[in-house]
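Just so you know, the protein sequences line up as chains A and Y, in that order. Using our numbering, read the first sequence as starting at 1 and increasing by one per residue. Using our numbering, read the second sequence as starting at 1 and increasing by one per residue.
A few of these clues could be false.
[As the list claims (entries may be wrong)] Now the in silico label distances, taken between C-beta atoms and shown as ranges:
id	chain 1	residue 1	chain 2	residue 2	range
1	Y	100	A	203	34 to 44 Å
2	A	300	Y	82	16 to 26 Å
3	Y	40	A	315	19 to 29 Å
4	A	317	Y	14	50 to 60 Å
5	A	43	Y	100	40 to 50 Å
6	A	129	Y	100	35 to 45 Å
Keep in mind the hints are simulated off the structure, nothing from the lab. The C-beta atom is built at its ideal place from N, Cα and C for all residues, glycine as well.
Here's the letter readout for the chains.
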Amino acid sequence: MSAAGLKSVEFRREREAGWRELEDIVQRAERRGLASLSAAELMRLPNLYRAAVSSLSVARVISLDQNVVRYLENLSARAYLSVYGARTRPGAFIWSFFAYRLPAAVRAARWPILIAALVFALGGVTGFALVAQDTEHYYAIMGVDESRNPSASTADLRETLFRDDERPRDRLARFASFLFSNNAGIGMLAFALGFALGLPAFLLLFYNGLRIGAFAALFDGRGLSVELWGWLLIHGSTELLAVCIAGGAGLVLGGAIAFPGRHTRLDTLRLRGPEAGLVALGAVFMFFVAALLEGFARELITDTVTRYIIASVMLAAWLTYFTFVGRGRTDD
Amino acid sequence: MTSTLLTEVIDGDERRIVSPEGVPLTVRLADRGDRAAAFMIDLLALGVGFAAVAIFMLWLNAELELLSRHLFNALIGVMYFLLRSFYFTYFELRWRGSTPGKRLLGLRVIDNKGGPLLGRAVVARNMMREVEFFLPAGWLFSVDTSSPQAALFYLLVLVWLGILVLMPLFNRDRMRAGDLVAGTWVISVPKTQLLADLSPADATDSVYAFTTEQLSIYGVYELQVLEDILRKEASPAAAESEQKVCERIAEKIGWTPPAGHTVVHRRFLEAFYAAQRAHLEHRILFGHRRASKHDDEKREPA
Chain A
1 MSAAGLKSVE FRREREAGWR ELEDIVQRAE RRGLASLSAA ELMRLPNLYR
51 AAVSSLSVAR VISLDQNVVR YLENLSARAY LSVYGARTRP GAFIWSFFAY
101 RLPAAVRAAR WPILIAALVF ALGGVTGFAL VAQDTEHYYA IMGVDESRNP
151 SASTADLRET LFRDDERPRD RLARFASFLF SNNAGIGMLA FALGFALGLP
201 AFLLLFYNGL RIGAFAALFD GRGLSVELWG WLLIHGSTEL LAVCIAGGAG
251 LVLGGAIAFP GRHTRLDTLR LRGPEAGLVA LGAVFMFFVA ALLEGFAREL
301 ITDTVTRYII ASVMLAAWLT YFTFVGRGRT DD
Chain Y
1 MTSTLLTEVI DGDERRIVSP EGVPLTVRLA DRGDRAAAFM IDLLALGVGF
51 AAVAIFMLWL NAELELLSRH LFNALIGVMY FLLRSFYFTY FELRWRGSTP
101 GKRLLGLRVI DNKGGPLLGR AVVARNMMRE VEFFLPAGWL FSVDTSSPQA
151 ALFYLLVLVW LGILVLMPLF NRDRMRAGDL VAGTWVISVP KTQLLADLSP
201 ADATDSVYAF TTEQLSIYGV YELQVLEDIL RKEASPAAAE SEQKVCERIA
251 EKIGWTPPAG HTVVHRRFLE AFYAAQRAHL EHRILFGHRR ASKHDDEKRE
301 PA
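Please build the complete structure, drawing on both the sequences and the hints.
So this is what it looks like as structure tokens:
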């Protein structure tokens with residue numbers, strides 16, 4: 001029995017050129033990206049990859065040469081990553097995100113988002129009722145540092161809604177950026193806290209509702225309701241929607257862990273987690289828009305009617321976007 | 001459990017994923033230390049990048065006096081948020097599951113079921129990073145130290161950080177929270193070289209010839225141990241171990257050199273390796289795989 005007639009040696013001799021060619025292409029793809037490959041090489045890559053994978057299957061059975069098997073394992077895995085690695089590029093991902101992925105993900109998560117909205121509203125009603133009943137409750141909810149408190153005069157409170165600063169753009173820009181980082185952080189927090197069964201997301205939603213309710217009750221007691229909601233909703237129609245959407249994303253995540261259904265928890269999580277992540281990313285974007293509205297539009301526009309118009313237009317725009325855009329587009 | 005159907009633990013840090021062609025591929029989970037190092041490098045890159053851009057903008061703004069200090073600070077604040085939120089996502093999308101830090105250490109993010117790594121999985125795993133690291137780390141610096149609850153707050157934040165940052169230590173697949181949510185693994189992709197075949201045609205030699213009985217003693221395991229020995233770089237220590245192994249094999253299989261011939265250890269081992277491999281591979285073709293010298297072939301036809 002001579003080694004020259006060995007099937008595994010013959011097998012290697014026949015295929016080695018293909019492996020080497022694939023290794024060369026993969027190495028360049030790893031260093032400089034797929035874009036650095038020529039059109040011909042891009043055509044060859046899937047074929048060479050499939051050939052290497054089939055070589056691996058055969059080598060595992062017939063070859064006792066460990067090095068060949070290990071080499072093929074490694075080469076196939078590397079080629080697999082080049083062929084099946086991240087499918088989307090940043091630009092394409094951003095486009096598809098706004099064109100259909102985000103609205104589709106929000107539609108899919110409509111029930112958790114609705115639940116989040118209900119919890120938020122419940123907090124709001126509770127806060128309103130508590131402060132309307134006894135203004136002392138205001139301090140318990142908002143803390144004592146808040147300058148807009150029950151001891152302020154009605155004129156002062158009104159003033160805060162239509163304030164005109166000497167250097168408005170500076171203050172507001174700072175404000176907008178703070179709000180954006182802060183709110184977007186809270187949005188991500190609501191999503192990620194879903195990890196703890198969604199309970200913190202419930203608390204966060206309820207607490208935020210409570211504060212808005214308390215705030216509304218304070219102004220309502222002075223007959224400033226109409227002006228307050230104009231001041232609040234010009235950015236609030238966007239921001240409060242974003243709060244509910246971020247909370248809904250957290251509930252999706254919490255639901256996957258609490259009620260895994262037919263699959264294991266881990267499988268349910270990997271199934272719903274990325275979808276919930278898209279929803280949360282959408283909320284971060286909405287917080288960005290809201291912060292711009294809050295920082296700039298609200299301070300430049302002091303007319304209550306115009307504020308209401310902007311609030312309604314924004315709300316209608318978001319709802320239309322989430323309801324109708326990207327219907328029927330399904331991929332992966 | 002559905003996950004065990006498609007993926008299985010092979011050995012410690014090795015995992016098997018099934019490619020879309022249905023072929024199981026072996027991947028190696030990244031070392032936890034390597035991942036920590038990659039993250040540090042990314043943080044450093046993030047910090048240096050941010051500082052460079054901020055300083056440049058500061059200089060530009062001072063020269064041109066475009067923006068007031070407040071507006072400028074606002075811009076910097078937003079930039080910092082965007083940079084830390086999307087640095088990882090951007091690179092993992094653009095570099096197919098890698099960031100500068102991961103690339104330096106040879107790490108990649110993959111889908112743990114063998115599918116393509118989707119954009120939304122990249123988004124989800126990196127959005128969790130905000131809660132796993134950036135938010136609590138930021139809180140550590142924003143504590144009002146004069147407050148009586150400062151110590152308690154520190155403690156809570158540290159517990160939070162501890163649980164989430166150390167999470168990869170407490171599960172078999174070394175997943176952090178973001179990996180759990182996105183269904184991803186971080187693997188290490190070192191390069192394996194294809195070495196010369198140890199069974200070239202000229203390895204057979206009339207001096208070093210073996211009978212079928214002599215080749216029926218060892219199994220695949222011993223063959224591969226021998227392969228490792230033969231692939232070691234030449235050195236006095238290697239030559240010594242070759243001699244020992246050579247003597248042990250000759251004794252075990254009852255092989256003696258022809259009269260008046262001095263055994264060249266290396267030649268003997270190469271010839272024995274070639275003959276043994278040919279024999280075992282030949283047997284495999286007939287459905288008998290002898291795993292090791294302790295394997296009783298007759299009882300267990302593969």
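Cross-check of the supplied hints:
Our hint of 34 to 44 Å for residue 100/Y and residue 203/A holds, since their Cβ atoms are close to 38 Å apart. The hinted window of 16 to 26 Å between residue 300/A and residue 82/Y holds, with their beta carbons roughly 24 Å apart. Against the hinted window of 19 to 29 Å, the Cβ-Cβ separation of residue 40/Y and residue 315/A comes to about 44 Å, which falls outside the hint. The hinted window of 50 to 60 Å between residue 317/A and residue 14/Y holds, with their beta carbons roughly 51 Å apart.
A hinted range of 40 to 50 Å for the beta carbons of residue 43/A and residue 100/Y is inconsistent with their spacing of about 30 Å. Between residue 129/A and residue 100/Y the CB atoms are about 54 Å apart, so this pair departs from the stated range of 35 to 45 Å.
Checked against the numbered hints above, the structure violates hints 3, 5 and 6; every other hint is satisfied.
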